[in-house]
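Peer 1: What follows is the residue order along each chain.
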Amino acid sequence: MDQDLNLFREEASAWLEKYCPKSMRVPILDQKEFYWGGRKSTFDSKDQQIWFERMLEKRWIAPHWPVKYGGGGLSLKENRVIEEEMERLGCRKPLLSFGITMLGPALLEFATEPQRIKYLNEIVAGKIRWCQGYSEPNAGSDLAGLQTKAEENGDYYLVNGTKVWTSYGDKADWIFALVRTNFEVKKQEGISFLLIDMNTPGVSTRPIKLISGISPFTETFFDNVQVPKDQLVGDLNAGWTIAKYLLTHERQMIGSMANNRRKLSDIAKEQLCLKNGILMNPILRTEVARNEMDTEIFNLTVTRAVDEARAGHHSGAVSSMFKYYGTELNIQRQELNMALRGSRGLEWESEASSQGFEARTFLRSKGNSIEGGTHEIQLNIIAKQILKL
Amino acid sequence: MSLVLTEEQQMLKIAAKEFLIEKAPIAFLRKLRDTEDEMGYDPELWLEMAAMGWTSLTIPEEYGGLGFGYVGLGEVLEETGRTLTCSPLISTSLLCASAIQLGGSLGYKHQFFQELIKGIVYAFATDEQSHHDPDYVETKAEKAGSGFVLTGTKTFVLDGHVAAKYVVSAKFEERIHLFVVDADAVGIQKERIIMMDSRNSSDVSFEKTPAICMLSGAEETYHRTLDIGRIGLASEMLGATLEAFQRTVAYLKERRQFGVSIGSFQALQHRASKMFCEIEMVKSIVLKALQMIDREDENLAIWASMAKVKAGEVIKLVTNEAIQIYGGIGMTDDEEIGFFIKRARAAQVTLGDYNFHLDRYAKLHGY
Chain A
201 MDQDLNLFRE
211 EASAWLEKYC
221 PKSMRVPILD
231 QKEFYWGGRK
241 STFDSKDQQI
251 WFERMLEKRW
261 IAPHWPVKYG
271 GGGLSLKENR
281 VIEEEMERLG
291 CRKPLLSFGI
301 TMLGPALLEF
311 ATEPQRIKYL
321 NEIVAGKIRW
331 CQGYSEPNAG
341 SDLAGLQTKA
351 EENGDYYLVN
361 GTKVWTSYGD
371 KADWIFALVR
381 TNFEVKKQEG
391 ISFLLIDMNT
401 PGVSTRPIKL
411 ISGISPFTET
421 FFDNVQVPKD
431 QLVGDLNAGW
441 TIAKYLLTHE
451 RQMIGSMANN
461 RRKLSDIAKE
471 QLCLKNGILM
481 NPILRTEVAR
491 NEMDTEIFNL
501 TVTRAVDEAR
511 AGHHSGAVSS
521 MFKYYGTELN
531 IQRQELNMAL
541 RGSRGLEWES
551 EASSQGFEAR
561 TFLRSKGNSI
571 EGGTHEIQLN
581 IIAKQILKL
Chain B
1373 MSLVLTEEQQ
1383 MLKIAAKEFL
1393 IEKAPIAFLR
1403 KLRDTEDEMG
1413 YDPELWLEMA
1423 AMGWTSLTIP
1433 EEYGGLGFGY
1443 VGLGEVLEET
1453 GRTLTCSPLI
1463 STSLLCASAI
1473 QLGGSLGYKH
1483 QFFQELIKGI
1493 VYAFATDEQS
1503 HHDPDYVETK
1513 AEKAGSGFVL
1523 TGTKTFVLDG
1533 HVAAKYVVSA
1543 KFEERIHLFV
1553 VDADAVGIQK
1563 ERIIMMDSRN
1573 SSDVSFEKTP
1583 AICMLSGAEE
1593 TYHRTLDIGR
1603 IGLASEMLGA
1613 TLEAFQRTVA
1623 YLKERRQFGV
1633 SIGSFQALQH
1643 RASKMFCEIE
1653 MVKSIVLKAL
1663 QMIDREDENL
1673 AIWASMAKVK
1683 AGEVIKLVTN
1693 EAIQIYGGIG
1703 MTDDEEIGFF
1713 IKRARAAQVT
1723 LGDYNFHLDR
1733 YAKLHGY
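Same order as they appear, the protein sequences are chains A and B. Residue 481 in the working numbering is what sits at position 281 of the first sequence, and the numbering runs on without skipping anything. Residue 1487 in the working numbering is what sits at position 115 of the second sequence, and the numbering runs on without skipping anything.
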């Protein structure tokens, strides 16, 4: 098995070396260098398009999904090998997609066959960009308290309410949303999972400007929106289970977003003086080393979890660990990055700073311990589900 | 190589766990301590450990060993960490057997391995001051006839007062080499010092003491032996961390105040959850580093430092939190949790604490 995998690793690596354009192997400096797909998208460069199309043809957009849904039919282990090799070679992700990282796994688990065929193939081909409608103005950490309602009416549901913190709500084509379909029962038991085309009359969005000056989130409004009944995933009032399942994937994704970044120590070597091969500021040096080491160990832990899952041990709450620990490492990294760059790191509007890329990324990282369930919620989940406290 | 144990490794671990819980629980360490045992370990138990094959795990089959590898020894060490079992496993099987494997001649390997498998105690002598610094070796070796004599003073020699042989670092012509020395050779003085963890340590001095032989490979053998030792220690520390954490979580559920179990308080839950995450990280790096020894990886120094840093930081966190969460009862000698913080601190200092290894990690990465 290990031998087969080593062979696969060599082949994957050789293929990536050959077919990943050079410009797709340098670290991202601007959000627009990410390709998200969807009806409203265009490619930022020729290479970006070539890279996406080659990966699509190779069936490596979602390597571990079944072939009939647009995947490559590979094992989780092989999927991880591709991820590792891409990371090692610095290859950018050809398609960033909440469809792949969040909705897809939930559809694979809970959707009907016609739903899977339609939606999963669209996701892989980059045709539809998805966003998530979970949080509401009065349902944050207490997500199950959501109030957006869907009422049955002939062959459709009538949806009314407001979602908030919709990532890229203004850029997405469809939204997967949690809606209340029963107000009479325990709050978790009256929630359903709906797929909604954002072109439907009555759907509108308003961007939220963040401390980073960027607006990656929107408020999303539903005003008498008619949603065909075949866009319900799973049973009516059984949406909370799907929501939780999907959240474990979201958490894993947020926790392991550390893809394609420069090594912190390389930034340190460039920004600070070395004397006899040692960074001049011993305090920063220690913190850089600790963050770099912990990041390496965190990645090993991701690998170990995949290996253990393959060997049949799996715990859902582990995603809370990855979310908490991975985001914490990123938050520390951003703090250190700012410390290493000094006043240069503060530049907000300048050519040299790519319009404040570092400063804005730092500020954005403050949201990492809030979105997808706060640090505190993750620690609650670990305490209850794993430690049984 | 998957980052999980093979079935054979898993079986060895379970057998070790069962054996140690039955034969050498913490009460056993308490008894050794309270009876002021002169040996500081139980030779009978040690022979049983040898009979279980633990002294042979890393010794190649052509010398009568099991050739099972370091992941196996690491799993056994992890289990000895859970029960805080003191035995010569670290000094003899982890350190000295590794040095001989790396630098022994064919003839000497046959001779020494035979003894090591049987459980003859060998002690590894390198530190010369209170802080581990592998480059600071003042002990010198001089030519004498066809062999060498050693002169110098070593400290923090684990099992130094009960060893039959020593593996000693010494300088010869500006390079550091390892030498094997008979413990009753002339010019040796040893003084046992009982440490905080109730384990054996000694100061050992050599005055023109003849060596049996010099191991080959100079610094390469020396540093690799140390790295193997550090990874094995990290494995033992992981075991102690897991046990201390398990006991602490059980205590959180059991101890009631204000009419509820204290584990229902969020302030304590969050601290327990953070410890859980940190321990998961230790598991990953320890297993990876053990596998890298078996793979004869050339970057073992980096893996060893990573393992020792992470295991050291986390055992400190967990044993400190354990005492705090146990409260007053954790401060009493009657409660066993206190034994864990004592072993944690001793293991931390052995072969470099996390300050030493974080610094080394940065240096190895060119900063």
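Keep in mind the hints are simulated off the structure, nothing from the lab. Don't take every hint at face value.
Straight line, CA to CA, 25 Å or less: simulated BS3-like cross-link-like pairs of lysine-lysine [what the hints assert, rightly or not]:
hint	chain 1	residue 1	chain 2	residue 2
1	B	Lys1389	B	Lys1735
2	A	Lys349	A	Lys293
3	B	Lys1735	A	Lys469
4	A	Lys444	B	Lys1646
5	A	Lys588	B	Lys1490
6	A	Lys588	B	Lys1646
7	A	Lys463	A	Lys327
8	B	Lys1735	A	Lys463
9	A	Lys258	A	Lys246
10	A	Lys409	A	Lys387
11	A	Lys246	A	Lys429
12	B	Lys1625	A	Lys588
13	A	Lys588	B	Lys1515
14	A	Lys387	A	Lys444
15	A	Lys475	B	Lys1625
16	A	Lys349	A	Lys268
17	B	Lys1481	B	Lys1515
18	A	Lys258	A	Lys318
19	B	Lys1646	A	Lys584
20	A	Lys240	A	Lys349
21	A	Lys463	A	Lys475
22	A	Lys469	A	Lys429
23	B	Lys1688	A	Lys566
24	A	Lys318	A	Lys268
25	A	Lys584	B	Lys1714
Peer 1: Hint numbers the structure violates, sorted upward?
Peer 2: 1, 2, 5, 7, 10, 11, 13, 15, 16, 20, 22, 23, 25
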